[in-house]
Amino acid sequence: EPEVTQTPSHQVTQMGQEVILRCVPISNHLYFYWYRQILGQKVEFLVSFYNNEISEKSEIFDDQFSVERPDGSNFTLKIRSTKLEDSAMYFCASSDRTATDTQYFGPGTRLTVL
Amino acid sequence: QKEVEQNSGPLSVPEGAIASLNCTYSDRGSQSFFWYRQYSGKSPELIMFIYSNGDKEDGRFTAQLNKASQYVSLLIRDSQPSDSATYLCAVKDGGSARQLTFGSGTQLTVLP
Numbered sequence: 011e012p013e014v015t016q017t018p019s020h021q022v023t024q025m026g027q028e029v030i031l032r033c034v035p036i037s038n039h040l041y042f043y044w045y046r047q048i049l050g051q052k053v054e055f056l057v058s059f060y061n062n063e064i065s066e067k068s069e070i071f072d073d074q075f076s077v078e079r080p081d082g083s084n085f086t087l088k089i090r091s092t093k094l095e096d097s098a099m100y101f102c103a104s105s106d107r108t109a110t111d112t113q114y115f116g117p118g119t120r121l122t123v124l
Numbered sequence: 021q022k023e024v025e026q027n028s029g030p031l032s033v034p035e036g037a038i039a040s041l042n043c044t045y046s047d048r049g050s051q052s053f054f055w056y057r058q059y060s061g062k063s064p065e066l067i068m069f070i071y072s073n074g075d076k077e078d079g080r081f082t083a084q085l086n087k088a089s090q091y092v093s094l095l096i097r098d099s100q101p102s103d104s105a106t107y108l109c110a111v112k113d114g115g116s117a118r119q120l121t122f123g124s125g126t127q128l129t130v131l132p
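Going down the list, the sequences are from chains S and Z. Per my numbering, residue 11 is the first one in the first sequence, and the count goes up by one each step. Per my numbering, residue 21 is the first one in the second sequence, and the count goes up by one each step.
Worth flagging that the hints you see were computed from the coordinates, not collected in a lab. Given the structure is predicted, the values throughout are model-derived calculations rather than measurements. We put the CB at the ideal spot given by N, CA and C, even for glycine. Among the hints, a few may not be true.
[What the hints assert, rightly or not] Covered by chain S, per the in silico footprint, the following chain Z stretches (three or more residues, Cβ under 8 Å):
{"hint": "1", "region": "59-69"}
{"hint": "2", "region": "119-129"}
[Unchecked claim] List time: in silico PhoX-like cross-link candidates among lysine-lysine, alpha-carbon distance up to 20 Å:
{"hint": "3", "chain 1": "Z", "residue 1": "Lys22", "chain 2": "Z", "residue 2": "Lys76"}
{"hint": "4", "chain 1": "S", "residue 1": "Lys67", "chain 2": "Z", "residue 2": "Lys22"}
{"hint": "5", "chain 1": "S", "residue 1": "Lys67", "chain 2": "S", "residue 2": "Lys52"}
{"hint": "6", "chain 1": "S", "residue 1": "Lys88", "chain 2": "S", "residue 2": "Lys67"}
{"hint": "7", "chain 1": "S", "residue 1": "Lys52", "chain 2": "Z", "residue 2": "Lys76"}
{"hint": "8", "chain 1": "Z", "residue 1": "Lys87", "chain 2": "Z", "residue 2": "Lys76"}
{"hint": "9", "chain 1": "S", "residue 1": "Lys52", "chain 2": "Z", "residue 2": "Lys22"}
The shape of chain S in the complex, shown without the other chains (with noise of 0.2 Å):
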């Protein structure tokens, strides 16, 4: 069955860094998205993306984001520089064009900012 695949599971950086998380979707999807769950909270939506554009972002999702789908296959999340507050999981997601937009969810990576 596919699924969403992210990389790496666990990152750990420091403060002022950049960070570049990476997902792979369901290859037949064609929307993607970031969300991210601080530990103990809420998943939160962070941007969708869609023809190779932003389609929605939200509050969270300020100028120290950015998301990119180099190839025909990897999408990415980078964090221009991290600060503590950014620890949490990142979780992928994608959907494709029916109407019921079904969100598939990768497994997440968990990153830590020290």
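Using the hints provided, position chain Z relative to the given structure of chain S.
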């Protein structure tokens, strides 16, 4: 601000019993509703979705939607210890937006 509310629990049921999980949402224009299961330290795993008023059954799971009351629920029949997890309610609005708004989840424990 769109809100999705769930009782945080914990909810404990004995093995074989029916577990009932509830969710309310604030945006009357919401159209699609999803239940995800999340084991500790893992990602949300889709259980089922519903978008029409009434009941939808899938195996041991039944989702119920009442748009007039802005209420969606999940029933788990014949609960098993492996069902012990946090259940997340997620809502998508009816416009072109595709983002999901999640509730905080209900922690379910099924006791052997």
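Against the structure, the hints:
no. : hint                  : result
1   : 59-69                 : holds (count 6)
2   : 119-129               : holds (count 7)
3   : Lys22(Z) <-> Lys76(Z) : violated (25 Å)
4   : Lys67(S) <-> Lys22(Z) : holds (15 Å)
5   : Lys67(S) <-> Lys52(S) : holds (17 Å)
6   : Lys88(S) <-> Lys67(S) : holds (14 Å)
7   : Lys52(S) <-> Lys76(Z) : violated (26 Å)
8   : Lys87(Z) <-> Lys76(Z) : holds (14 Å)
9   : Lys52(S) <-> Lys22(Z) : holds (13 Å)
Of the numbered hints stated above, those contradicted by the structure are hints 3 and 7, listed in ascending order.
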